[in-house]
Structures are given as structure tokens and as C-alpha cells.
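In this note's numbering, the protein residues as written are 1203 to 1609.
Among the hints, a few may not be true.
Unchecked claim - Cut-off 27 angstroms, straight-line C-alpha distance, at most; resulting in silico cross-link-like pairs (DSS-like, lysine-lysine):
#1 Lys1237 to Lys1302
#2 Lys1509 to Lys1485
#3 Lys1426 to Lys1445
#4 Lys1274 to Lys1332
#5 Lys1509 to Lys1470
#6 Lys1237 to Lys1274
#7 Lys1559 to Lys1332
#8 Lys1332 to Lys1557
#9 Lys1346 to Lys1557
None of these hints come from the bench; they were simulated from the model.
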Amino acid sequence: SIFMAIAKEQIRQIISENNISSVADVYSLLKESFKDILQELMEAELDAALGYEKNHKGDLTTNNKRNGHSPKTLKSQYGEFQVDVPRDRNGEFEPKLIPKYQRDISGIEEKVISLYARGMSTRDIHDQLKDLYGIELSAEMVSKITDRILPQVREWQSRPLSPIYPFVFMDCIHYKVREEGKILSRAAYVVLGVTTEGYKEILSITVGANESSKFWLGMLNDLKNRGLKDVLFFCVDGLAGFKEAISAVYPQAQIQRCVIHMLRNSFKYINYSDLKKFSSDFKAVYNAPNETAAWSELEAVREKWGKKYPYAISNWENNWEDVSSFFQFSDNIRRIMYTTNIIEALNRQYRKVTKTKSVFPSDQSLEKMLYLASENITKKWTQRYRGWDQVLNQLIVLYGERLTQYL
1203 SIFMAIAKEQ IRQIISENNI SSVADVYSLL KESFKDILQE LMEAELDAAL
1253 GYEKNHKGDL TTNNKRNGHS PKTLKSQYGE FQVDVPRDRN GEFEPKLIPK
1303 YQRDISGIEE KVISLYARGM STRDIHDQLK DLYGIELSAE MVSKITDRIL
1353 PQVREWQSRP LSPIYPFVFM DCIHYKVREE GKILSRAAYV VLGVTTEGYK
1403 EILSITVGAN ESSKFWLGML NDLKNRGLKD VLFFCVDGLA GFKEAISAVY
1453 PQAQIQRCVI HMLRNSFKYI NYSDLKKFSS DFKAVYNAPN ETAAWSELEA
1503 VREKWGKKYP YAISNWENNW EDVSSFFQFS DNIRRIMYTT NIIEALNRQY
1553 RKVTKTKSVF PSDQSLEKML YLASENITKK WTQRYRGWDQ VLNQLIVLYG
1603 ERLTQYL
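Construct all of the structure, not just a fragment, from the sequences and the given hints.
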């Protein structure tokens, strides 16, 4: 169009007048233009506030007038520079473009939080901002900026939950945290639910010192206080004291031990030369059509391998009550509940983000990073579980009003 042609002509003129021959020249020109444009926009703001343009001749409807300028140093993505903020005689003018006490217009806080959320160390963030924008930010300043999201973290941790989640997965990831000069081991307990619509949701992340019944009880009561009235299945990896805590807070819930973890525990006892054959025989156990068939398949495996690898089999026999829940269901429900892959995938994402930190300076900094990582991870959770309608229909047939009262 004619406007595009004019714009191109202007750009050619700018290039020839400013002798631009490199990217650095373009950047330098943008920096200068940025300052000039800001200056003109502020002058235009004062024109609008006074109701007349500079050097206006003729009658004025206001007795207020321009009254010089005040210098102000600004930080921007083009580095630091000075602008002259126009003043009015009555002192009524307050620029909207650059508010009174604002000196940083770089949007740098959002950039810092975004880089921090991706697992960058404070040193890396400092270097990146210096290289890109010429802005120096100390590690303390980076920490202060990211601390501004702490109220959001608290709000998120206490937000109301849905009254029922058919499936809830629990796991923990271990980290090192510095406290009073000592380096201590901390666990981040992650609770992930599947909603009645078939979507994944992180229900809570709690940083704690130990896995005990008392700790789990506190965590489950917190979920209950936030509105979670019922859970059909808790899928867990044999966390100590967890079973007792579930029975106390959600007595109707069934507990499902993660089959994949159980298999890994059994495989520890098997010689490498036997592993392929043993795992192939064991498939018949967890692929069995029902619990009776599964138990007889386990007996067949015990007969064949029991003498050589007694612990690999007794591991299943001792935990059968917590492994066998899923045999009553069809494949699409089994796929959801017999493995904690869903939560392991989440933990992998957390580890990716936290790998730059061998030690966290505090529990709070660990919570902060896990919260920001969760925000980025959950943005991608737009897909429901495959075949969810069938899953929900089967659950309704089995659990009736316990489920339908909340739908």
C-alpha cells in the first residue's frame, strides 16, 4: 500500500542519514530514538492535560502553564539514559507513561522471574541481563525481585480445591537446603490429582523435613480443609506411614501401589542374564484379566523363580493388598492408576529446572522455584486423558452417588 511505500522510504532515509552499516548501529539508533519518542510522548501528555499545545498563541481556557522540566534517569532495555519530565506551574501534572516514582521501565522484573522459573542461577541471570541490556543486578536484588511472588505462592498453596478427584498421585523429590550454616536434606512432597473432567492438576507442593504418619496426616488434612471431600484412589510408591494417614482422613479411598516401582524393586534382585526372561514371565501377572488369574500367575512365577529369587516374589506377596485394586478395572482405568509415570514425568521437569542448584539457600527459595516451574509445566496440560468418558462412566457404575453428587 501507499503507507508501506512511505514507511520504506522513511527507513531508507534514516539508514542513509545515520550511516547504518551494522546491527550495533541499529541498536544504537533504536536507543536514541527510544529516548526521543518517550520525550515527545510526555510533552504530548502535558499538552493534553493543559488543553493547549506548546507555544500556543491565542486565548487559553486554563490559568495553568508549562513550567520547565525535571531531569530523570531511567533504566530500560536499552540501558540507562536521562529524560526531561515536563512540569506544570500548578504541580497537577502526573505523567501516565512514566509514573512519578518509577525509574525502571525495562520490564526487567518479569524477565528476572521468567529466567528464574527456567532454572537459571542468580549469577547466570546477572550475566544475561548485563550482556543483553547493560543492567547490573546483584544476586540479592534477583532474590528480592523473585520474593515478590511469595504472596502468590501462599495464595496458590491455600486455594480451594474441587470436592472430589477420582485419582490422586503422591510422591516426593529430595533436595539439599542450607539452614543456619548446615546443609540439610529436604523433601518436596508433590500431590497431583486427576479432575472429574479428566485433566491433571497439581494440588499441592509441600517442603518438609521427614516422611512420617504425622506429617502425611497434616498434609491430607490440609487438602480436606481446602475442600477436597473424597478421593477414589490414592496412587503411591509405598511412602512410610502414608497408608495409615489416608485411612484416617479418607477412610473410603482405595490405595494403589505403583506397579512400575514394585517391578523395579523386584528387578534389583535378578541377575542381568535372567532379567529379560523374568520380566517377560511377570507380564502375565500384571496383565491378567482379574485378581484371581493374577494371583495364580504370581504362583506360577514363584514356582519357576522362587528358589533362585525369593525376595523378588515375596515383595509382591507382602504388598498384594495394595497392588491388586486395579485388577477389577478395564485397561483404560488400569493405564491411569497402575503407574505413577504421571507424577514421575512431572518430577523430571522439576529436576530439569532445579539442576543448577546443588543447595537451596532456604525452604522458601525451593518453594518459590517449584511454584514457578509448576506454572510453566501446567500451561502445557491442555489435553484430557484419552478415553476419559469411558473411564468416568465405569467409575459412576462402580461408585454411584459417591461420585455423581459432585458432578
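Hint by hint, here is what the structure shows:
| no. | hint | verdict |
| --- | --- | --- |
| 1 | Lys1237 to Lys1302 | 17 angstroms, holds |
| 2 | Lys1509 to Lys1485 | 19 angstroms, holds |
| 3 | Lys1426 to Lys1445 | 16 angstroms, holds |
| 4 | Lys1274 to Lys1332 | 22 angstroms, holds |
| 5 | Lys1509 to Lys1470 | 16 angstroms, holds |
| 6 | Lys1237 to Lys1274 | 12 angstroms, holds |
| 7 | Lys1559 to Lys1332 | 21 angstroms, holds |
| 8 | Lys1332 to Lys1557 | 23 angstroms, holds |
| 9 | Lys1346 to Lys1557 | 21 angstroms, holds |
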